[in-house]
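There are 2 protein chains.
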Amino acid sequence: MTTSPRSPLAPEGPCEAPAVPGVRAAAIALGLRYQGRPDVALLEVPEGSAAAGLFTRSSTPGHPILWCRRILARGRARAVIVNAGNANVFNGPAGDAAVAREAEAVAAALGCPPEEVFVASTGVIGLALDAEPIARAVPTLTAGLAEDGLTAAAEAIVTTDTFPKAASAICAIDGVAVRLTGIAKGSGMIAPDMATMLAFIATDADLPAPVLQTLLARTAATSFHSITVDGDGSTSDTVLLLASRRAPHDAVGDPDDPRLAGFAEALATVCRELALLVVRDGEGAQKLVEIRVTGAVDDGSARRAGLVVANSPLVKTAIAGADANWGRVVMALGHCGEPLAVDGLEIRFGETLISAGGGVVDGYDESVVARHLAGREVVLEVALGVGSGAATVWTCDLTHGYIDINAAYRS
Amino acid sequence: MTTSPRSPLAPEGPCEAPAVPGVRAAAIALGLRYQGRPDVALLEVPEGSAAAGLFTRSSTPGHPILWCRRILARGRARAVIVNAGNANVFNGPAGDAAVAREAEAVAAALGCPPEEVFVASTGVIGLALDAEPIARAVPTLTAGLAEDGLTAAAEAIVTTDTFPKAASAICAIDGVAVRLTGIAKGSGMIAPDMATMLAFIATDADLPAPVLQTLLARTAATSFHSITVDGDGSTSDTVLLLASRRAPHDAVGDPDDPRLAGFAEALATVCRELALLVVRDGEGAQKLVEIRVTGAVDDGSARRAGLVVANSPLVKTAIAGADANWGRVVMALGHCGEPLAVDGLEIRFGETLISAGGGVVDGYDESVVARHLAGREVVLEVALGVGSGAATVWTCDLTHGYIDINAAYRS
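These protein sequences, in sequence, are chains X and C.
Read in order, the letters of the first sequence are residues 201 to 611 in the numbering used here.
Read in order, the letters of the second sequence are residues 201 to 611 in the numbering used here.
All clues stand as given, with none of them false.
Not everything, but these chain X residues come out facing chain C in the computed CB check (under 8 Å):
id, residue
1, 513
2, 521
3, 531
Okay, the calculated bits of chain C under chain X, using three or more residues with CB under 8 Å as the criterion:
id, segment
4, 257-263
5, 432-441
6, 540-546
7, 551-560
If you're looking for bench data, these hints aren't it; they were derived computationally from the structure.
Virtual Cβ for every residue (Gly too), placed ideally from N, Cα, C.
So here's chain X without its partners, still in its complex pose:
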């Protein structure tokens, strides 16, 4: 197991996950797989907190996913317990038993039903997870719960990540200030079919579970569902939104209530920031790539086309090499199966229009594009010429670092 240096795309400064009223967290180092660093985190929210969630669509989901899906139907949460290093996937009945053991230990410590304890695991697939050390550590974890503990939790849930991830926003609901803070992990096995990451977002908004669920699902399309590192879809993707309901605003029961516009926007910002942090920490990433698609038949088509470009190893290696090989974008678009007009196709790298009218633009100056590609942040714009659908997706380049990390992950 190698440790990679901090991604050159990482934000400057330390990770900060501001406290959310009513939300506490703690972390501990149990050496489940990683040594000398925290690897288990506990998040706690008060009695009566509401929960929303999104999970992987994998048909071989992890045992924690099966549990979380089941208890999410209640819409209530008291805690989330998370471990890094072992994903607890494909472990048969023992895998389910490990999840139950964790939930029961936390429930006993907090005095709540196990069905209010969410469980998430990330790491190696198909390796038996011994839940006993985690269960035994729960009293220590609960004793350490603190409102300023979210940053420590962000550090405990990482795997191949090279930096911990958090994003935060303040908004108002009906004139009352509300805080949103999210933490996430993710670096490889990142595909757009559900976040392919772990993300836990806490808020003190006083909103019921159905409202949270609707708002979370809406924002996922333009955040967690619009990023890709390698196109590989995880067994363990989990996004949870927990509301402590401590903010003293009036009750709002309709997700389309105009009083929720600011909250919806803040949630979208936090989700997009978390998603982008994952791309910035994509395994081996040296460049962040934003792909803007317009002129599609609809937004979904634009997103699918963008993701095919974003997942193309040939596009990603060309960007890694700062090679203005825009023909590979043509190839990927041709391959994506979405409607487009060859003669109406426009391709820009950075600000430079490279191709239009079915061919390269007269006087196209590749040196300008080469300078753009030499930077850390690359923008590709594609107009498909058949409608008004649009989407933006994000990915990273494909480099030797990806091979280094993944050819030796378990070793």
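Fit chain C to the known structure of chain X by using the hints.
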């Protein structure tokens, strides 16, 4: 532009493309992109020859593809002209004009309609192709046409390939010996949605175009459509089957005629061998990976599931690192969208059953699997547990070589 060393998966010995009665070929070095090597090939078949073909399904196909699709409707061929280094894709009306110029030059030299001259181009996308040097070289090429020229043609059509590719078979139709020889190029931009390669197969069988077309289409599913290197689908995939009709067997007009069983089998063998040679020359490939899927709801589902595993960067890097990380196969299968039974899923690496019944097998010995993964040829077997559909697909590992080649392809 870097030149890679010969793939360690290349067959031993030189490339040999045995002559086919009535079929001649020649090659020439025009320095269109590559220096000091032949880069244009001409294949000639006699008047009255029949043609069948399969082309990319890209919605941004190369200009030669548009031409070939149109003339294939006639079912007749006299020649194929091929160049390496420039794919003549996305070049607007000038791209179509370049194709016409090539076809007319060859037609004038051979005394046939331009509509019997197929054109294929491979290389950089979106770069204007100057057809004049090719057109001017046609008299030299026709003067050099020889029955033993197919090997030289195989050498002229390569791009990032590290070795030329040919496969051959002899069979009998109604007791009369018939020869099939195919040449191909392909290394990157190899996805299963049509060969993603150039392949030209010549035979002296006396078969009409509709019979050839049916037999070619049937065999593609288990050959060209069952390989992948990087999942990127080319703009230029072309497979042509040309029959000189010189073999003195009785006419056979029905593709299901039992007298064609041997020919169909020989064609399948040649196509599969060519397809496998492409995988063996996958950019950066150090290992050939065969993925056998059984127990799917049908053969198509088995093939799709196998290809998702074959295209998974995480599976491919694990194999590159000889890491028995079978959990990534579980991940890819979970992600593939095809029906499977988690509890019925069986995964084998080489001969070793690793997982069954929803978890790892008791007493599983990873050291045996590690030895298998250390070899040049790796076999993964997956039983999905929901039916009797089966398919085999082939890919290669994902290594630093792929990055090296593709981050600097045009430079």
